[in-house]
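S.K.: Protein sequences, first through last, are from chains A and B. Taking the numbering used here, the leading residue of the first sequence gets 1, the next gets one more, and so forth. Taking the numbering used here, the leading residue of the second sequence gets 1001, the next gets one more, and so forth.
Read the hints as simulated data drawn from the structure, not as lab findings. We treat Cβ as the ideally placed atom computed from N, Cα and C, and that holds for glycine. Do not rely on the hints blindly, as some may be mistaken.
Among the chain B residues that face chain A by a calculated CB cut under 10 Å, a handful are [to be verified]: (1) 1022; (2) 1120; (3) 1121; (4) 1164; (5) 1277; (6) 1278.
Okay, the calculated bits of chain B under chain A, using three or more residues with CB under 8 Å as the criterion [stated by the list, open to error]: (7) 1098–1111; (8) 1255–1265.
Take a look at the letters that make up each chain.
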Amino acid sequence: MSKDQTRRNFVGAAGIAAATVATTALLRPAAAQTATGVPKTEYAIKKLPFDPAKIKGISEKLLVSHYENNYSGAVKRLNAITAQLAGLDVAAAPVFVVNGLKREELIATNSMIIHELYFDGLGGEGDPKGALAEALKKDFGSVERWKAEFSAVGKALGGGSGWVMLSYSPRDKRLVNTWAADHTMTLANGRPILALDMYEHAYQMDYGARAAAYVDAFMQIIRWDNAGSLFERYSKET
Amino acid sequence: MQYHLAPLFCRPWTLNGITPRLIESHYEGNYGSALRRLNAITEELEALDPAATSAEVVNRLKRDEAAMLNSTLLHELYFASLGGDGRTVPDTMAAALARDFGSTDRWRQQFIALAEALAGGSGWVLLTYVPRDGRLINQSGADHSQNIAGGIPILAIDMYEHAYHIDFGANASAYVAAFMRNIDWAAVQGRYEDATRVAPPRPLEQKQFAGVPAMTVEEVKTMLDAGERVQIIDARPRHYTTRAQDIMQGAVWRDPERLDEWIGELSKTDPVVTYCVYGFHVGCETAIALRKAGFDARYMAGGHYAWKAIGGKVRLFE
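Can you make the complete structure from the sequences, with help from the hints?
M.R.: So this is what it looks like as structure tokens:
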């Protein structure tokens, strides 16, 4: 795929995406069943919701690599794993096969979902507004205090793998910052509304080992309307 | 206690396909910061008053210390693995790889496969010497903390993305290929030679039974599987048998305190193996007594529980 063609696709997608609230629905075409009777599942790669050339502080090269290799790679891997699981005689399979496949399935599924949230959260500016801003003040004391904790957790994860997520916790009806050392760690029953990718693939190309500079750049480009609409939806769940 | 920096040995500008910029970022930014963090934690730990500090604080610091110490050690090994002509494997290493993997190629294929499987995240692949059995294995870990207990790694490839992103982006395969081309085999071999001098974990001996011939549970199993004629006596004490639920397939129980009553049943020509619960003195004493009476008797080291641990067949003890 040539660079120009890539750019046109992304710009087109960004135009559509600008009028759309990001959803977390996965696309599942009703399909034939496999030999074991398990329905065939195909996860689809979503389009990048912004023009990668226009994100301040993160280069196009890095964003395209992140999208094509890490995110899309996870979706493709997930489809391969799902197909393997569907064809497995689960009762007869050795425990390490079951363990291995289910572990890989979890890693790939979460990588897919959380990367989509990450990309949906890029390309904005300024501070949160409205109900979300009020909730941050209520749960953290101030928006500044929330920013300080969120970025500190991100910086603490530098040099390896992980995520820091702003999640709504239905149990206590509050927002929390969640630490994760890999794709498999999330708040039980939590609804993440903003994710910062602290895997080195998210920043190395631009920032080398300077994870803190990447985190600072991220804090300037958060797309608050996405987090805001997700918060409104989740906080209304009963 | 202060940990000191290990200087780079390889000359970064001579590496084949890996740039000095990547090495510098890795060495200063990742290795250097791990060492500095290790020293900061060590200072904190040393300043603690153990009586006044909660377990959680100690736990947190020690976990961090382990991660940073391992990062320091593994990064030093990584940089000490680079700077040679990776295609030329010296004789001692080639012989060891052939012995433990079938061939240098088989070793290489497995090592590369493990490395590529870690693409997109964090981890290490190590060629590790295991003193217990005196052999090399490839080992994959998802972070600094996953290593073979007691293993001595002699070659390391860093599969954290910071190790390759600057030069290779997401192309982990190209990085792994470049790494393989740059392996300093002379250094690896030196570490292998040092590792082979490390003794296996010292077995604790039952000194009082040192002179009594023993058989391992695996040897007994091999005899039984081959259909060899052997008389297996379960000599677990009578009081124990009231609690026992199973007995080795192929064994008969005899009371070790009443040897005279059953010694006459035994064939004088077929070998005898005796065992007890754990392989301590009852099984041994019985074997000693039988040997004194002219039987070719041995005790099974580890006893009944060792037999079950290797998955040996048992039947209900009636």
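S.K.: With 10 Å as the cut and Cβ atoms as the points, is residue 1121 of chain B at the interface with chain A?
M.R.: holds (5 Å)
S.K.: Against chain A, is residue 1120 of chain B within 10 Å by beta-carbon distance?
M.R.: holds (6 Å)
S.K.: Regarding the hint that residue 1164 of chain B lies at the interface with chain A, is the smallest CB-CB distance below 10 Å?
M.R.: holds (9 Å)
S.K.: Is the interface hint satisfied for residue 1277 of chain B? The criterion is a beta-carbon contact with chain A at less than 10 Å.
M.R.: violated (30 Å)
S.K.: Closer than 10 Å between Cβ atoms is the bar; does residue 1022 of chain B clear it against chain A? Give me holds or violated.
M.R.: holds (9 Å)
S.K.: When the nearest CB of chain A is found for residue 1278 of chain B, is that gap smaller than 10 Å?
M.R.: violated (29 Å)
S.K.: With a cut-off of 8 Å between beta carbons, are at least three residues of the region 1098–1111 of chain B near chain A?
M.R.: violated (count 0)
S.K.: If you count the residues of the region 1255–1265 of chain B with a beta-carbon closer than 8 Å to a beta-carbon of chain A, do you get 3 or more?
M.R.: This one is violated; 0 residues, fewer than the three required, reach chain A with a Cβ under 8 Å.
Hint violations for this structure: numbers 5, 6, 7, 8, all remaining hints satisfied.
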